[in-house]
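Work out the full structure, taking the sequences as your base and the hints as a guide.
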Amino acid sequence: MKFKKFSAILLACGIMVGALSGCAANKTADGNNTKAKQEELVFVNFRDIRDLNPHLYAGEMYAQEMIYESLVNITENGYEPCLAESWDISQDGKVYTFKIRKGVKFSDGNVCDANAIKANFDAIIENKSRHTWLEMMNLLESVKATDDYTLEIKLSKPYYPMLTELGVTRPFAMVSPAAMKDGSTKDGVKEHIGTGPYVLKEFVTDEYAVFEANENYWGEKPKVEKITVKVIPDNQTRILALEKGEINLIYGKNMIDADAINKYKDSDKFEVALSEPTSTRQIVLNTTDDILKDTAVRRALQYATDKKAISDGIFYGLEKPADTLFSKTVKYCDINLTPYDYNKDKSASMLEEAGWKLGSDGIREKDGKKLELSLLYNSNSVTEKAIAELMQGEYKKIGINLSIKGEEEQSYRDNMKAGNFDMVFNISWGTPYDPQSSLSAMRKPVYGDYAAQQGLADKKEIDNAITNILTSTNEEERQKLYSFVLTRLHEDAVYIPLTYECNKAISKKRLKGVQFTQTQYEVPFSKMYVE
Amino acid sequence: MKNYIIKRCLIAIPLLMCISFFCFVFINLIPSDPAEVALRVRQTPIITEEAISQIRVELGLNDPFLIRYARWLGDCLRFDFGVSYVNPARTVLGEIGRCLPATIQLAGFSLIFVIILSLPIGFFCAIYKDSLFDRIVRSVVFMTTAMPAYWIGLLLMWLISIKLDLLPTSGNGTIKHLILPAFTISLTYISTYIRLIRNNILDNMKEDYVLYEKARGLKERTILINHVLKNSLHTCIVAIGMSIPQLIAGTIVVENVFAWPGVGKLCIAAIFNRDYPIIQAYVLMIGTLFVVFNLIFDIIQYITDPRLRRDVN
Chain A
937 MKFKKFSAIL LACGIMVGAL SGCAANKTAD GNNTKAKQEE LVFVNFRDIR DLNPHLYAGE
997 MYAQEMIYES LVNITENGYE PCLAESWDIS QDGKVYTFKI RKGVKFSDGN VCDANAIKAN
1057 FDAIIENKSR HTWLEMMNLL ESVKATDDYT LEIKLSKPYY PMLTELGVTR PFAMVSPAAM
1117 KDGSTKDGVK EHIGTGPYVL KEFVTDEYAV FEANENYWGE KPKVEKITVK VIPDNQTRIL
1177 ALEKGEINLI YGKNMIDADA INKYKDSDKF EVALSEPTST RQIVLNTTDD ILKDTAVRRA
1237 LQYATDKKAI SDGIFYGLEK PADTLFSKTV KYCDINLTPY DYNKDKSASM LEEAGWKLGS
1297 DGIREKDGKK LELSLLYNSN SVTEKAIAEL MQGEYKKIGI NLSIKGEEEQ SYRDNMKAGN
1357 FDMVFNISWG TPYDPQSSLS AMRKPVYGDY AAQQGLADKK EIDNAITNIL TSTNEEERQK
1417 LYSFVLTRLH EDAVYIPLTY ECNKAISKKR LKGVQFTQTQ YEVPFSKMYV E
Chain B
60 MKNYIIKRCL IAIPLLMCIS FFCFVFINLI PSDPAEVALR VRQTPIITEE AISQIRVELG
120 LNDPFLIRYA RWLGDCLRFD FGVSYVNPAR TVLGEIGRCL PATIQLAGFS LIFVIILSLP
180 IGFFCAIYKD SLFDRIVRSV VFMTTAMPAY WIGLLLMWLI SIKLDLLPTS GNGTIKHLIL
240 PAFTISLTYI STYIRLIRNN ILDNMKEDYV LYEKARGLKE RTILINHVLK NSLHTCIVAI
300 GMSIPQLIAG TIVVENVFAW PGVGKLCIAA IFNRDYPIIQ AYVLMIGTLF VVFNLIFDII
360 QYITDPRLRR DVN
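For the record, the sequence lines run as chains A and B.
Sequential numbering of the first sequence, starting at 937, is according to our numbering.
Sequential numbering of the second sequence, starting at 60, is according to our numbering.
Derived by calculation from the structure, the hints in this document are not laboratory data.
Hints are not guaranteed to be accurate.
DSS-like, lysine-lysine: derived pairs with alpha carbons at most 27 Å apart [unchecked claim]:
| no. | chain 1 | residue 1 | chain 2 | residue 2 |
| --- | --- | --- | --- | --- |
| 1 | A | K1306 | A | K1280 |
| 2 | A | K1162 | B | K235 |
| 3 | A | K1444 | B | K222 |
| 4 | A | K1180 | B | K222 |
| 5 | B | K235 | A | K1180 |
Note that the coordinates shown come from a computational prediction; the quantities given were computed from them, not determined experimentally.
Okay, structure coming up:
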């Protein structure tokens, strides 16, 4: 009898699960077909698009770029018109007058004129404290729509990166005023309505999102009409899904590991693309440390670091060795600096001169103190650990005892900010925030840079020069100031540049036009097409 | 009998209290400041001291530890688990409610795999003990128990989806999407239950009643199916029942590999984002499930097995 009872339970379970999966079967959305259709592009990300409200910071930038637009675009040729057709900057650099493009409509049919843009500025300014990381927020005096197609922005001081800050994805992207909650966006928007080339058609949290070409788009219509973004958190699964044809593009800095790139480099089914450097992987030296406060020691460490070995051994040469804090491709950074080329003997003799003599145990000593340093890394990053281990071996050879310490991300950041480190891994902000925003942040105790630079004799001078850069109105003077700051930081040897990170993409051969833009988080879908 | 059930239920209450307390304590032991974490996960580019103190007040972090615990516990009892740090527009309850059906579906499907595969295989292993079949199954069982689920998952994906082109690699949607992850999860449990069922049946076969039945001249088949199997199943039902919360908790890794939108994936994402309210609620939920299922199957076993009832009384 009891056996019957058991089989009854079994049967009930079976029916229940059957019913559940039945529900699932009905749910199949067209965005979820196993094989990608011809005109469709299936992109993948490790998480979903999240909250796309561009006036806050919780959404995926590539998706915000598809839906929303700013006044200007940042391109490799400088600033290009977008919602603003043209602009004037007053002689003193304080007043920006934008001529707004006529005939632009939001995807809900509302007109995007100076009044709509003014409404956006109002909504952004309402939540000012969240945006003060952009210096211009602090300098903003007024925003006015002088007529339907003219917008005037007044600053209290001239500020040269103004257009860059208006051009980055957020927060200055324009939302349809009808989608705001009573003219406010700080608590979210009703719908994601912008002027961009795509509109959001469907979104299933944690599963997928479907974008379709915006029929009212003012600019050139994108060739790919439908873009599906799938969520696959696992690295390996993404690659397998690409192999099977369920997706046809993987794109991003951390979406593909070097092994995968290497595997598909010569494949005839897939195309691999690498961008110009986007950001710099570096080690920050703490100049307040007893040992590292000596510039000679810091320079010796520069010579002792084999960047080529890191680039080849850990990145298969995909991330090129870095000579300077910012790559020469970054604006204002193509200046003549002599890189610290790997030279073990030079490093050893410099340490010798600085008084660090080899002890009997192979570790250098000075006044009874051993040359011992610790290197802090983020234990979530396999790459950083591998680099740290490689450096540990290299440094040992010249008599430096490097202990390496991994900590989970949050505590790694806490320690970095508080200056609790001898040496620590860091990555520059990247394009388009390099160099101005990265340098600007060095003046405040928000990142490790501030703490690390406290031991520099010329810290004040450097900070003043950075402040002057931001308010400079003259290109030549600005370049001079940049050269000064970058040269000082280079000669002070505060940073050991390791490699330049780059954006990576793997796509099906049939997908053409896969390229990179100046803003590292944007995926330029509108330039892609399927052959 | 009523007394027994009431007693068991009463014991569960302090147990649940302990779970909630440890869950709260451990999250609070993490050295990072939750206020700063909350700001960081909302991707505020530069975190200022003012913003931190503002968030501290908003999240009620300035109160003493025990007050915060009492408040949290009180909220939990009213099914209010707070809001996600990452996306304050979403409540934790809503997030778990959204993801739970997918996980139950996956766990339920795995359970079916477990039952329909481990029962017959375990049964035949016992009857044909030490045969070639038994030895092969035993070595396979050892292997699958030792292999991590995410690795098996990737291998299966490669074999079934890419090489044989039979099933989709990942995602949610049709029943086809369900087969690979469910099978991956069930593999570990199948191995365990094959051994359990096999040993149970072997033990039962040595019992006196089997000898008597043989003496009574009952057919071998009748003895095995009607008596030995039935008696062995008691323990197995309980073991399988208790493994249901394990199945739900065990989806955590597999869901990530197969991009299955369940609570496991939610929890992993929360761990990466330091989304404390979600982690807390997840741990509390799994802990509660273990206690509840333990309770239910203890009672079921008590009801169905007369020998136990006699002992307790």
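Tell me, which hint numbers fail for this structure? The structure conflicts with no hint, since it agrees with every one listed earlier.
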